[in-house]
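Novice: Now for the letters of each chain:
2 protein chains.
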Amino acid sequence: MSEQFYTEITPAGFGIAIKQKEVLFSQQSEFQKVEIIDTNSTLGKILTLDGLMMTTEGDEYFYHEMIAHIPMMNHKCPKSVLVIGGGDGGTVREVLKHSTVEKVVLCEIDGVVIDACKKYLPAIAGKLSDSRVEILVKDAIEYIKDKENEFDVVLIDSTDPMGPGEGLFTEEFYTNVKKSLKKGGIVCAQSESPVVNKEEIKKMYNLLKKVFPITSTFTSPIPTYPGGYWAWAFCSINVEPLSYIDEKRCEEITKTCKIYNKEYHSARFALPNFLKEIL
Amino acid sequence: MSEQFYTEITPAGFGIAIKQKEVLFSQQSEFQKVEIIDTNSTLGKILTLDGLMMTTEGDEYFYHEMIAHIPMMNHKCPKSVLVIGGGDGGTVREVLKHSTVEKVVLCEIDGVVIDACKKYLPAIAGKLSDSRVEILVKDAIEYIKDKENEFDVVLIDSTDPMGPGEGLFTEEFYTNVKKSLKKGGIVCAQSESPVVNKEEIKKMYNLLKKVFPITSTFTSPIPTYPGGYWAWAFCSINVEPLSYIDEKRCEEITKTCKIYNKEYHSARFALPNFLKEIL
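So the protein sequences, as listed, match chains A and B. All residue numbers for the first sequence refer to this note's numbering, where the first residue is 1 and numbers rise by one. All residue numbers for the second sequence refer to this note's numbering, where the first residue is 1 and numbers rise by one.
Just to be clear, a hint being listed does not mean it is correct.
[What the hints assert, rightly or not] Computed beta-carbon distance windows for the label pairs:
id : chain 1 : residue 1 : chain 2 : residue 2 : range
1  : B       : ILE245    : A       : GLY126    : 41 to 47 Å
2  : B       : SER26     : A       : MET162    : 52 to 58 Å
3  : B       : ASN40     : A       : GLU171    : 31 to 37 Å
4  : B       : LYS33     : A       : CYS77     : 44 to 50 Å
5  : B       : SER243    : A       : SER26     : 32 to 38 Å
6  : B       : GLU172    : A       : SER243    : 48 to 54 Å
7  : A       : LYS248    : B       : LYS276    : 18 to 24 Å
8  : B       : LYS276    : A       : THR175    : 50 to 56 Å
9  : B       : ARG132    : A       : LYS258    : 54 to 60 Å
10 : A       : VAL23     : B       : LYS33     : 33 to 39 Å
11 : B       : LYS210    : A       : LEU24     : 43 to 49 Å
12 : B       : GLY51     : A       : GLU171    : 46 to 52 Å
These aren't lab readings, by the way, just hints derived from the structure by calculation. Just so you know, these numbers come straight off a predicted model, no measurement behind them. C-beta: ideal position from N, C-alpha, C; glycine also.
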């Protein structure tokens, strides 16, 4: 190929290829290699960490609308929200659409990610400057240890279980996250690709089920993630998924979304047989 | 890359890359270049036509279970089924799971596709030898012209609207398909990627809506298709989608499927906002 391509091939032996224009930013941070690449594609600019796709301007809403609105809409009045990881700011942007929200804490270990996204991906990171947002450049594993009864919703918007995100996939961490929840609190965590990360999913849900009385799964397509199909965990102490959807908030937020609506929300929890078997 | 890759880059500027082992079969037929490639991936062997992914051993069920079971299960007693295109045999295999089926006509224009799949992809094409299957190596546009009141379900398992499949995306063709339906008949057609084929989808549904009083859309992920996310049209004269699901058949068939189940079926018709806008 005479053209240059960004390629990401999973251990399953297949993956994505994107026409590459130029690398706009490349820095080895304390934790990982952070890159912003401009592409010759409808995906626009993309963020990668250690050569793994994190987000693209073109399809980021497939991910961010799901991790934010499915748990947020299932909470009766989410005021205090913690986003772990998510340094690109996309999840925070979606969370802030909920009029109930008074405070969002973003706990991201790598300040280089935040700065690069603010500069190169303003449509995704722009809301990080909102006055309701507190940004902590910190290890969430340490941060969460002494938190009790603080958050209505905790969103674990992490990288994969390999690399800097590894400690975010442990029983100890999940136990601390549970402790940080207010009454009626909900946790949502990205839980990898049902197509190429079957073993990782199994391991993760075994831990989550040990910690949370209610652990459910929802899925949705993501064009640029491995397998084109992604899963998230919905966990809580006593709130069943789909037990509540705030009609008024739902209607308002649907108007601002490219994916999310009430029917699409409900449909997320219908899983294919092969995934049910894994779980 | 020192390894060899099969790549398929869409006009959107991104696509799939698969570790390639060897080309097992390559022939320029009267209509298209037919290739079977063995891969170094969990996808196993793949079929491509004119360099476009048609099916893989590893993820074929994501497509075939949807195009077959969503319409079939919505029909009270599908006895006579026509599959247009679909020379790999995967759709026929799924259709035959329905105990009501007495006859399946496969009308595929390219005999080279059928022969290659029988030889190299027996897990997909194996049921083409079932006694209920009649294989016609014919242009479906001609075949359908004089058919009236013949089929309970017609499945248009075509290639893209460019190339040999082009004539399968016209008002005249759809009108003839409608005429071929028995009372209560249902048509299901693959309708491209909502992520990368937005214009094609718009055009196709405009035609379908002219012809069929009931035209609906369902979607599901497909790892190896452009955008990882696919749409199908559900059309009929008087049968609404989800107006009926045969409980007993559904239970039986779910046991044989990797994806399909009743809840997953119902959830398919909840569409993301951006696709609703296109339609």
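Novice: Are GLY51/B and GLU171/A spaced within 46 to 52 Å by their CB atoms?
Specialist: holds, 48 Å
Novice: Evaluate the given range 54 to 60 Å for the C-beta pair formed by ARG132/B and LYS258/A.
Specialist: violated, 44 Å
Novice: Quick one: are GLU172/B and SER243/A within 48 to 54 Å, going by C-beta?
Specialist: This hint holds: roughly 50 Å between Cβ atoms.
Novice: At the C-beta level, are LYS248/A and LYS276/B separated by a distance inside 18 to 24 Å?
Specialist: Given a distance of about 21 Å, which is inside 18 to 24 Å, the answer is holds.
Novice: Range first: 33 to 39 Å. Now tell me if the beta carbons of VAL23/A and LYS33/B are that far apart.
Specialist: Between VAL23/A and LYS33/B, where Cβ atoms are some 35 Å apart, the hint holds.
Novice: Please check whether ASN40/B and GLU171/A have a Cβ separation lying inside 31 to 37 Å.
Specialist: For ASN40/B and GLU171/A the Cβ distance comes to about 36 Å; the hint holds.
Novice: Does the Cβ pair LYS276/B, THR175/A satisfy 50 to 56 Å?
Specialist: violated, 41 Å
Novice: In this structure, is the beta-carbon distance linking SER26/B and MET162/A contained in 52 to 58 Å?
Specialist: violated, 38 Å
Novice: Using the C-beta atoms of ILE245/B and GLY126/A, is the stated range 41 to 47 Å upheld?
Specialist: Cβ of ILE245/B to Cβ of GLY126/A: about 45 Å, so the range 41 to 47 Å holds.
Novice: When you take the CB atoms of SER243/B and SER26/A, is the distance between them in 32 to 38 Å?
Specialist: violated, 55 Å
Novice: Taking the CB of LYS210/B and the CB of LEU24/A, does the distance hold inside 43 to 49 Å?
Specialist: For LEU24/A against LYS210/B, whose Cβ atoms are near 46 Å apart, the range 43 to 49 Å holds.
Novice: Is it true that LYS33/B and CYS77/A lie within 44 to 50 Å of each other by Cβ?
Specialist: Because 59 Å falls outside the window, the suggested range is violated.
In the structure shown, a violation is registered for the earlier hints numbered 2, 4, 5, 8 and 9, in ascending order.
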